[in-house]
Each structure stands twice: as C-alpha cells, then as structure tokens.
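With the sequences and hints as input, model every part of the structure.
Protein sequence lines correspond, in order, to chains F and V. Okay, so the first sequence: first residue is 1 according to this note's numbering, each after it adds one. Okay, so the second sequence: first residue is 111 according to this note's numbering, each after it adds one.
Just so you know, these hints were derived from the structure itself, not from any lab. Bear in mind the structure is a predicted one, so any value in this text is a computation, not a measurement. Note that the Cβ used here is the ideal one computed from N, Cα and C, for glycine as well.
Covered stretches of chain V, going by a simulated chain F footprint (3 or more residues, C-beta under 8 Å): (1) 156-165; (2) 179-189; (3) 197-209.
Only part of the chain F face toward chain V is listed, based on derived beta-carbon distances under 7 Å: (4) Lys-55; (5) Phe-67; (6) Ala-68.
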Amino acid sequence: MQVLLLMYQDEKRVRNLPKDEAKEVHGAYMAYLGALKEAGVLLANHGLKATTEAKTVRKASVLNGPFAETKEQLAGYFLLEVPDMEAALSWAKRNPSAAQGSVEVRPVWT
Amino acid sequence: MQYLLLIYGNENAMLNAPKEAASQMMGAYTAYTEALQKAGVRVGSNRLRPTSEATTVRTPNGKKNVVNGPFAETKEQLAGYYLIEAPDLDAALSWAARCPGAAYGSIEVRPVWSM
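This is the structure we're talking about:
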C-alpha cells in the first residue's frame, strides 16, 4: 500500500532555530532519507516553502496564505510504499518531524 | 519551478454525493489530469483516503504518541494533491483555478523547495 506522511511543524520556530540545532535537524533528515532509500520504501518526498508564500484558490478568488491558519503548518511530505499501516506508523515515528511537531499518516487511493 | 496544489474539500459531502454527481466529479478530475499531462506539467498526483483512516504520530521528548485521525480537525479535509512543474506562480494559480476541487472547496498552492 502507498501512504503519505504529512509533516506539520511550527514553521516560525523551525526557521528561527539556532544554527547548531538547524544543522542537527538537517542531519537527522538526511539520515532518515538514507534509511528510507536503503529500505526501498521511498517513492517521493518534498519540502514545502513557508506558508507566507502560499496562495489559496477558491471559486473565482485567489487569497494570500494557506487554506487554514493552524498552530503548525504543512512543511513537507514523504510518499512511501509499505506492506501495511503498522510499517507506515513505524516509519512515521522515526520521522524527525514527529519529535518537532506531528506526522499525519494517510493511505493513498490506489 | 515546482508547486504543490493541495486539494481541500468537505469529505463527508464527497463520500455522500449521489452516484451521478460522484461520477461527474470523477470525469472532471480525469479530464483535468489529462490536461495537465498533455501540457507536460504534471509531476505526480494522488488521491487520499478519508481522514477516518488517518493516524497522527508525535514523539515529543522521545515519548510516542499515536492518535487516530488527522493532524487537525478542519471544516474541509486534505483530499489529494497534484505536484506540477510551472514557469511561475501565475501559471500555477491558473492551473489551480482549473482544478475541479476549486469549485467545491479550496486549492492551496505551495512552492516546493528544490533540492
């Protein structure tokens, strides 16, 4: 099955991390990415730019900002091919974003 | 530049739509996907299963916390996405406006970090 891991984080806090800590977080993502690739489960992943650059289109109007104001913002995603939900959750727990914010796991329609 | 078009809609309304309306919607999405494909802008897309099947994981301070449901309760839910390659934000916004979901809900357009 395919699942999407949606990473939600407080983007202001993440952007203002001290340099040392930012480097550490970056390293954690690199290690995570390496583990996903080694396990052969990674289909796609992307980081998103800040919601200050988001626009929302609704009917005929275009609004600045994201769809909803939330305490944490969608920061990126990982699309994985896994045998079951249990495997998906164990990858979600290892995602660095789980320690910093939340990781939502959503199965994909196939 | 790559942009993610995030489709937010009322999933209860979608799941309970009459058969005819649902198949019309499906047709509109198929046509939209084909248009993206033909223009050579579609990088990837997926429809998500309902948030009733979502699980959210947090591990603050190493403590595991797994809860059923999406990250946040919202009036509209993330239903799917298109990842597109567009020359600029204007082009991305015009593709977003053509997405069938824009008529029923919201399409959030987010630039992607290039690696």
